[in-house]
Amino acid sequence: MSTSKQEQESGIKNPNPKIVLFLCRWCSGKGADLAGTSRLNYPPNVLPIMVNCTSRIDPRFIVEAFLDGADGVLVTGCHFGDCHYKTGNYKAYRRLSLVAKLLKQVGVNPKRFRLTWISATEATKFVKVTTEMVEDLKKLPPYWSNENGGDSDE
Amino acid sequence: MDEKKKVGVFVCHCGRNIAQTVDIEKLMEKVREKYDVELVEDNMYMCSDPGQNLLKESIQAKNLNRVIVAACSRDMHEPTFRSAAQEAGLNPYLVEIANIREQVSWVHDDKEKATEKASKIIGSTIEKVIRDEPLEPLKIPVVQRALVIGGGIAGIQAALDIADAGYEVTLVEKSPTIGGHMAQLAETFPTLDCSQCILTPKMVAVSRHPKINLLTTSEVVSVDGYVGNFKVQIRKNPRYVDVDKCNLCDDCTAVCPVVVHDEYNQSLSPRKAIYIPFPQAVPASYVIDEETCLGIDPLICSKCKDVCLVEAINFDMQPEIIEEEFGAIIVATGYDTYPIENIGEYGYGAHPDIISGLDFERLLSANGPTQGVIRRPSDGKVPKTVVFVHCAGSRDPAKHLPYCSKICCMYSTKHALQYKHLVHDGTAINFYIDVRTAGKDYEEFYKRAAEEEKVIYVRGKVSEIIEDGDQLLVKGVDTLLGEAVEVHADLVVLATGLVPSKGTQEISHLLKLSCDSKGFLKEAHPKLKPVESALSGIFIAGTASGPKDIPETVSQASGAAAKAATILASEFLEREPQIAQVDPTTCGLCHTCINVCPYGAIYLDEGVRRITVREALCEGCGSCAAACPSGSIELKNSTSEGIRAQIKALLQG
Ligand SMILES: Cc1cc2nc3c(=O)[nH]c(=O)nc-3n(C[C@H](O)[C@H](O)[C@H](O)COP(=O)(O)OP(=O)(O)OC[C@H]3O[C@@H](n4cnc5c(N)ncnc54)[C@H](O)[C@@H]3O)c2cc1C
Numbered sequence: 001m002s003t004s005k006q007e008q009e010s011g012i013k014n015p016n017p018k019i020v021l022f023l024c025r026w027c028s029g030k031g032a033d034l035a036g037t038s039r040l041n042y043p044p045n046v047l048p049i050m051v052n053c054t055s056r057i058d059p060r061f062i063v064e065a066f067l068d069g070a071d072g073v074l075v076t077g078c079h080f081g082d083c084h085y086k087t088g089n090y091k092a093y094r095r096l097s098l099v100a101k102l103l104k105q106v107g108v109n110p111k112r113f114r115l116t117w118i119s120a121t122e123a124t125k126f127v128k129v130t131t132e133m134v135e136d137l138k139k140l141p142p143y144w145s146n147e148n149g150g151d152s153d154e
Numbered sequence: 155m156d157e158k159k160k161v162g163v164f165v166c167h168c169g170r171n172i173a174q175t176v177d178i179e180k181l182m183e184k185v186r187e188k189y190d191v192e193l194v195e196d197n198m199y200m201c202s203d204p205g206q207n208l209l210k211e212s213i214q215a216k217n218l219n220r221v222i223v224a225a226c227s228r229d230m231h232e233p234t235f236r237s238a239a240q241e242a243g244l245n246p247y248l249v250e251i252a253n254i255r256e257q258v259s260w261v262h263d264d265k266e267k268a269t270e271k272a273s274k275i276i277g278s279t280i281e282k283v284i285r286d287e288p289l290e291p292l293k294i295p296v297v298q299r300a301l302v303i304g305g306g307i308a309g310i311q312a313a314l315d316i317a318d319a320g321y322e323v324t325l326v327e328k329s330p331t332i333g334g335h336m337a338q339l340a341e342t343f344p345t346l347d348c349s350q351c352i353l354t355p356k357m358v359a360v361s362r363h364p365k366i367n368l369l370t371t372s373e374v375v376s377v378d379g380y381v382g383n384f385k386v387q388i389r390k391n392p393r394y395v396d397v398d399k400c401n402l403c404d405d406c407t408a409v410c411p412v413v414v415h416d417e418y419n420q421s422l423s424p425r426k427a428i429y430i431p432f433p434q435a436v437p438a439s440y441v442i443d444e445e446t447c448l449g450i451d452p453l454i455c456s457k458c459k460d461v462c463l464v465e466a467i468n469f470d471m472q473p474e475i476i477e478e479e480f481g482a483i484i485v486a487t488g489y490d491t492y493p494i495e496n497i498g499e500y501g502y503g504a505h506p507d508i509i510s511g512l513d514f515e516r517l518l519s520a521n522g523p524t525q526g527v528i529r530r531p532s533d534g535k536v537p538k539t540v541v542f543v544h545c546a547g548s549r550d551p552a553k554h555l556p557y558c559s560k561i562c563c564m565y566s567t568k569h570a571l572q573y574k575h576l577v578h579d580g581t582a583i584n585f586y587i588d589v590r591t592a593g594k595d596y597e598e599f600y601k602r603a604a605e606e607e608k609v610i611y612v613r614g615k616v617s618e619i620i621e622d623g624d625q626l627l628v629k630g631v632d633t634l635l636g637e638a639v640e641v642h643a644d645l646v647v648l649a650t651g652l653v654p655s656k657g658t659q660e661i662s663h664l665l666k667l668s669c670d671s672k673g674f675l676k677e678a679h680p681k682l683k684p685v686e687s688a689l690s691g692i693f694i695a696g697t698a699s700g701p702k703d704i705p706e707t708v709s710q711a712s713g714a715a716a717k718a719a720t721i722l723a724s725e726f727l728e729r730e731p732q733i734a735q736v737d738p739t740t741c742g743l744c745h746t747c748i749n750v751c752p753y754g755a756i757y758l759d760e761g762v763r764r765i766t767v768r769e770a771l772c773e774g775c776g777s778c779a780a781a782c783p784s785g786s787i788e789l790k791n792s793t794s795e796g797i798r799a800q801i802k803a804l805l806q807g
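Line by line, the protein sequences give chains H and C. Take 1 as the starting number for the first sequence in this note's numbering and just add one per residue. Take 155 as the starting number for the second sequence in this note's numbering and just add one per residue.
These are calculated hints, taken from the structure and not from any lab test. Please note: incorrect hints may appear among the correct ones.
[Stated by the list, open to error] Computed Cβ-Cβ distance ranges for the label pairs, DEER-style: (1) H:Ile12 to C:Glu618: 50 to 60 Å; (2) H:Lys139 to C:Gln806: 21 to 31 Å; (3) C:Asn749 to H:Asn148: 28 to 38 Å; (4) H:His79 to C:Asn496: 20 to 30 Å; (5) H:Lys139 to C:Gln174: 29 to 39 Å; (6) C:His679 to H:Lys128: 18 to 28 Å; (7) H:Leu67 to C:Glu479: 46 to 56 Å; (8) H:His79 to C:Pro288: 28 to 38 Å; (9) C:Ser237 to H:Arg39: 22 to 32 Å; (10) C:Gln214 to H:Val106: 47 to 57 Å; (11) C:Glu479 to H:His79: 25 to 35 Å; (12) H:Lys128 to C:Glu479: 38 to 48 Å; (13) C:His679 to H:His79: 16 to 26 Å; (14) H:Arg39 to C:Arg763: 53 to 63 Å.
Even for Gly, the Cβ is constructed at its ideal location relative to N, Cα and C.
Produce the complete structure using the sequences and hints provided.
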């Protein structure tokens with residue numbers, strides 16, 4: 001992955017980060033669709049995968065996504081109190097907060113993993129969050145820029 | 155898992171909606187090159203008949219056993235393509251949608267990158283579809299009874315229609331009577347028929363209908379389950395007066411020492427702590443306001459009880475929890491008006507002679523605080539000049555509501571006319587931004603006011619209202635003449651817009667219904683599904699989903715009732731079979747899944763010592779699958795192995 005001179009000067013270390021984006025079927029998935037219906041715009045770096053509920057997400061999926069070449073993982077679900085399955089987002093919050101801690105401990109920059117809540121009507125929040133994350137990750141080197149992966153050398 | 159997976163990928167152009175940002179030719183080439191697929195085809199509109207025929211014919215000609223349609227969101231056409239596949243003999247659960255419109259072509263500009271992303275999404279969907287197994291929808295019996303929440307005109311109409319169709323209905327109303335806001339109105343535009351006269355027969359019909367179970371002073375406290383089988387808990391709060399015994403003699407109010415504001419009259423008159431909201435209230439019974447009564451815990455006063463000859467009063471009544479099952483739910487929880495206390499430029503509602511439209515309805519009403527004679531609140535004088543301010547706190551994104559409530563122009567015109575009818579020598583001045591009269595006979599009604607009955611219309615916004623002696627000085631601009639105007643008025647009526655009621659906000663959380671940016675309930679589709687919510691089996695009627703007049707509210711109520719009755723008319727409903735399943739050979743009986751399941755759908759079958767899923771209860775969240783330490787419980791067609799493969803495909807493609 002080569003960076004142009006211009007990009008280097010602007011602090012861009014990874015012009016094309018790959019971000020795995022988890023959507024839930026009832027809130028953030030619909031919010032993402034609404035971004036489309038409203039013809040909003042965000043970078044194509046986020047690669048969507050839809051699950052019924054954020055509580056379906058096994059913490060291992062996150063870790064494995066990095067091992068498979070992701071530069072970042074973004075998990076989005078319903079706001080607290082709004083989960084279609086009552087409490088799924090609370091479970092996801094508990095499980096994935098631990099993942100965030102663990103990733104940090106093993107030297108992964110916290111900017112690479114984000115968990116956030118987006119309702120079916122929050123298309124603009126969806127755009128803001130995805131755009132921000134892409135911008136943030138452009139400033140970090142690719143996850144596999146060293147042979148061990150991660151940001152421990154920074 | 156043994157048969158060879160023959161995947162067909164169908165790419166939709168959606169006219170230019172997809173094709174203009176995704177290079178369809180290139181995308182098809184990539185898919186053919188990178189993935190193991192039997193066939194890749196495209197069509198201008200996959201959802202059209204030719205598109206569906208292409209899908210059906212290809213399934214048969216190529217013996218496809220897995221299908222991907224790369225098109226719009228699965229919320230749009232998943233059912234279309236699944237049933238087309240079924241017609242061609244393929245199990246519908248072997249069809250998956252790759253969303254390359256809402257999540258690709260409509261949100262990206264760079265054609266190359268968009269095409270690349272579309273290809274990855276298709277690749278990831280292939281990993282899912284090849285692992286999908288044929289499923290059969292679960293058949294579940296339908297509880298043939300409906301719940302209607304909110305007893306305004308919307309809830310009343312919906313309950314009557316469903317009951318007339320032959321189904322049982324429970325109508326839950328928070329307040330002590332049904333009727334809602336319509337019961338507070340004097341006359342209604344554009345015909346000026348008396349609101350009570352057209353409403354009360356319907357209220358009585360509710361109370362007499364053998365199929366309607368009316369629960370007033372009641373609230374829904376929890377809702378569980380799904381379309382066809384909602385399990386609902388309703389709290390019936392104590393009324394402290396036995397509805398069956400109360401004979402409306404009114405002896406109790408004479409002795410009650412507690413005087414409070416009467417909310418039915420917009421606090422323009424007092425009432426007692428024991429009261430009847432209005433004479434035609436349904437149920438026809440007095441009620442005790444437990445907040446202010448001195449008889450309820452601690453018992454300080456029991457004057458009403460002492461004079462009640464029929465012994466209808468009981469201070470010991472307790473809240474009651476009623477549990478019932480319903481096949482469908484209609485939400486008709488209505489509106490509130492934008493508080494005039496929020497409008498600083500018009501005095502924060504502090505001046506007694508600056509009132510809201512709803513206040514004015516009470517002044518106009520024969521059963522109102524002034525018996526229908528228009529007297530201003532400050533000194534009881536009949537006002538000789540009244541200013542009606544349209545759009546008070548509306549269409550003002552900087553400070554107030556950004557939207558138009560669409561009924562206020564009409565009700566202000568109505569108010570001006572009614573005022574002229576009662577005070578013949580009075581002057582009525584309407585300040586407006588635009589007069590919006592889109593409704594049958596509405597423009598004629600406005601013309602009648604402006605041209606025949608000499609109501610004055612001034613185009614311009616009122617910037618300020620200040621006290622001036624015993625009058626009010628209304629300052630504004632006439633934007634047609636381009637001049638500042640100042641008018642002295644004896645009374646000012648602010649036409650405030652509609653906002654979601656508190657009850658609407660509460661119920662949206664309870665039922666997990668989405669709201670729009672204004673807090674009104676969001677319909678499943680703003681044009682084509684105006685009375686359906688995003689949750690199947692839950693319908694919305696009336697002003698809970700946005701400002702409406704009575705005709706529109708009633709049409710929605712009948713529409714929602716018809717939708718609900720359609721569900722109640724079927725003995726069985728089909729339910730998503732995407733539920734959890736256990737592999738007993740690896741399961742260690744650790745109970746983790748039992749503990750995380752939000753539905754109590756998983757249990758240990760003691761007989762066979764196996765963890766078992768109750769199919770009718772499992773909703774398919776997959777929480778158990780993520781928690782199982784040995785990977786022994788999986789969500790059908792959303793297995794861990796499948797999700798991992800999907801992630802890989804996204805990253806490698
Ligand atoms: C000043 C004014 C004048 C108007 N004049 C006219 C007119 O002349 N002609 C016309 O066509 N329209 C008029 N309208 C509009 C009319 O009032 C509405 O269209 C109509 O009343 C809406 O009925 P609804 O049933 O949707 O709501 P509502 O009347 O608000 O009824 C909602 C009901 O639900 C109950 N509720 C709320 N939350 C809950 C809960 N969580 N659980 C249980 N119960 C709950 C409430 O207590 C209430 O009884 C006027 C409106 C205003 C403000």
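Taking the hints in turn, this is what the structure says about them:
Separation of Ile12 of chain H from Glu618 of chain C is about 54 Å and conforms to the stated range, judged on CB atoms against 50 to 60 Å. Between Lys139 of chain H and Gln806 of chain C the beta carbons are some 24 Å apart, a value that agrees with the proposed interval 21 to 31 Å. Restraint check, Asn749 of chain C to Asn148 of chain H: a C-beta distance of roughly 37 Å satisfies the suggested window 28 to 38 Å. In this structure the supplied range 20 to 30 Å holds for His79 of chain H paired with Asn496 of chain C, their Cβ-Cβ distance being about 26 Å.
Checked against the hint of 29 to 39 Å, the C-beta distance between Lys139 of chain H and Gln174 of chain C comes to roughly 32 Å, which is consistent with it. For the hinted restraint 18 to 28 Å between His679 of chain C and Lys128 of chain H, the CB-CB distance of approximately 25 Å keeps it satisfied. About 48 Å separates the C-beta atoms of Leu67 of chain H and Glu479 of chain C, a value consistent with the hinted range of 46 to 56 Å. His79 of chain H and Pro288 of chain C have their C-beta atoms about 35 Å apart, which keeps the hinted 28 to 38 Å range intact.
At about 30 Å, the CB distance of Ser237 of chain C to Arg39 of chain H agrees with the hint of 22 to 32 Å. For Gln214 of chain C and Val106 of chain H, the Cβ-Cβ distance of about 52 Å falls inside the hinted range of 47 to 57 Å, so the restraint holds. Glu479 of chain C and His79 of chain H have their C-beta atoms about 28 Å apart, which keeps the hinted 25 to 35 Å range intact. Separated by about 42 Å at the C-beta atoms, Lys128 of chain H and Glu479 of chain C satisfy the suggested range of 38 to 48 Å.
The hint said 16 to 26 Å for the Cβ distance between His679 of chain C and His79 of chain H, and at roughly 22 Å that hint holds. At about 56 Å, the beta-carbon gap between Arg39 of chain H and Arg763 of chain C stays in the expected band of 53 to 63 Å.
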